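**Student:** Sequence:
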Amino acid sequence: MLQEWLLELLAGFGKLFIHPIFYFSFLLAFVVGMFRVSRERKDFHTRVYDIYQEVRYILPSSLLIGLLLSIIAVGFGLTLPLGLLNFIAAVTIVLSAGGFRLLSPAWIIGLALLIFVVSEKIGYSFIPYEGLSFNKILMTMAIVLALLFITEGLLMLKQGWQGTSPRLVESPRGLKVGVQLAQRLWLVPVFLVLPTGELTSPWPWWPVVSIGSETYSFIWFPFLVGFAQLVKSTLPELAVKATGKNIIAAGVVTLLLAIAAYWVPLLAIVSAVFAFLSRIWISWRHHAYEKDRHYFFTPQPKGVMILGILPYTPAKKMDLKIGEIIYKVNGIEVNTENEFYKALQKNAAYCKLEVVDVNGQNRFAQGSLYEGQHYELGLILADEDKELMAEENERYS
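Quick note, the sequence shown lines up with residues 2 to 398 if you use our numbering.
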């Protein structure tokens, strides 16, 4: 019995690498990276991160969470027909036309569940149940949705705010102002049970959730989780983490409703609708909040603010952060990008900066400069007409 289970788990592991979504995720991340680099070059005449930045984030962290979800899914025997999983994959591909922004599990699986229900009610069922009951399929979908919804929030808290892309947008007065785009795509592979195969249940109580089939197999199914969030009024870390916490809270409520569907089947649909609408509300709330706030990345009365930092440059080695204000360079006060550049030339081999961090505390950053390194330390500065920007921000105060 144990040997059969290990062989089936190994076979399920291999199914991940033959599923089109696995390879599609890397292609999508690469294409989004191309558009990002093109936008950065247009705004700043240089790219901030290379074209593979989005690809690097696809697996490492999400793989660990996926393994944890797999333990839960296999332990409780979360069972879905293969046709339904492939339909979820198709919905994922369709929604990916909007980039990462629409790839929340609340929208992907929520939409798939609602279409599945409607098709059943109008008599056009296009997905075989494979021995499972309709209500148990809905409950399992709702539980998977909730678990991945919570996963989205956790991943945003952990790394969704890292490596944001600076960009320039036009303010209502026609000025170019700095904002940050946080966007990520994660591949979350989860072991699920299929209601067809050679395995039989080793325990009378397994699977706990999905009952109706007598033989089973496994699949390591690749779910995509993505988001995109434009931040103008604060630091990306604060905005993205706030969104992540809201998503986790909504995910927990969704999970409770999905579990309650074991006794009241209608709650499976309610949980999917709640997740779908709550994710819309969370996105709208952020947009509405940002709309009424002044821009954060703007010229300062004294010093120059950091809008972006190029990797592998002196600025990165000096541990400078976006949102910090450089007040002095080599002992010289600077208020514009041109003054910043001239102050750097005072000492071509060494640089000492007086910086005000995001908490208002002064600190010093220093380091040696070498031939061939970025002539501006690798910094992108928020530098526009200060008087006009002051008038711009007064509109939101």
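Everything labelled a hint here was simulated from the structure, so no lab data went into it. What you are looking at is a predicted structure, and each value in this text was computed from that prediction instead of being measured. One or more hints might be untrue.
Calculated lysine to aspartate or glutamate pairs in the EDC-like style (CA-CA distance at most 16 Å, straight line) [said to hold, decoys possible]:
{"#": "1", "residue 1": "K322", "residue 2": "E199"}
{"#": "2", "residue 1": "K329", "residue 2": "D293"}
{"#": "3", "residue 1": "K343", "residue 2": "D293"}
{"#": "4", "residue 1": "K303", "residue 2": "E238"}
{"#": "5", "residue 1": "K329", "residue 2": "E355"}
{"#": "6", "residue 1": "K233", "residue 2": "E291"}
{"#": "7", "residue 1": "K16", "residue 2": "D44"}
{"#": "8", "residue 1": "K242", "residue 2": "D320"}
{"#": "9", "residue 1": "K329", "residue 2": "E340"}
{"#": "10", "residue 1": "K329", "residue 2": "D358"}
{"#": "11", "residue 1": "K322", "residue 2": "D293"}
{"#": "12", "residue 1": "K43", "residue 2": "E171"}
{"#": "13", "residue 1": "K292", "residue 2": "E171"}
{"#": "14", "residue 1": "K177", "residue 2": "E338"}
{"#": "15", "residue 1": "K303", "residue 2": "E291"}
{"#": "16", "residue 1": "K303", "residue 2": "E334"}
{"#": "17", "residue 1": "K322", "residue 2": "E291"}
{"#": "18", "residue 1": "K177", "residue 2": "D44"}
{"#": "19", "residue 1": "K353", "residue 2": "E340"}
{"#": "20", "residue 1": "K347", "residue 2": "E334"}
{"#": "21", "residue 1": "K233", "residue 2": "E199"}
{"#": "22", "residue 1": "K233", "residue 2": "D293"}
**Student:** Holds or violated: are the alpha carbons of K329 and D358 at most 16 Å from each other?
**Tutor:** holds (13 Å)
**Student:** K233 and D293 were given as a pair; does the straight-line alpha-carbon distance stay at or below 16 Å?
**Tutor:** holds (10 Å)
**Student:** Starting from K329, check that the Cα of D293 is at most 16 Å away, please.
**Tutor:** violated (32 Å)
**Student:** With the threshold set at 16 Å, check whether the alpha-carbon distance from K233 to E199 stays at or below it.
**Tutor:** Status violated; Cα separation ~55 Å.
**Student:** Given the proposed pairing of K233 with E291, does the C-alpha separation stay at or below 16 Å?
**Tutor:** Between K233 and E291 the Cα gap is close to 7 Å, so the pair holds against 16 Å.
**Student:** Taken at face value, is the distance from the CA of E338 to the CA of K177 at most 16 Å?
**Tutor:** Distance ~15 Å between K177 and E338 Cα, so the pair holds.
**Student:** For a C-alpha distance cap of 16 Å, please report whether K322 and E199 respect it.
**Tutor:** This hinted pair is violated, its Cα atoms lying about 55 Å apart.
**Student:** Please verify whether K177 and D44 have alpha carbons no more than 16 Å apart.
**Tutor:** At roughly 10 Å apart (the allowed maximum being 16 Å), D44 and K177 satisfy the hint.
**Student:** Between K43 and E171, is the straight-line Cα distance small enough, at 16 Å or below?
**Tutor:** holds (14 Å)
**Student:** Does E334 sit within 16 Å of K303, going by the straight-line distance between their CA atoms?
**Tutor:** holds (8 Å)
**Student:** Checking one constraint from the list: CA of K347 to CA of E334, max 16 Å. Satisfied?
**Tutor:** The hint holds at about 13 Å.
**Student:** Would you mind confirming whether the straight-line C-alpha gap from K292 to E171 stays at or under 16 Å?
**Tutor:** holds (13 Å)
Hint check: violations occur at hints 1, 2, 3, 4, 7, 8, 11, 15, 17, 21; the rest are consistent with the structure.
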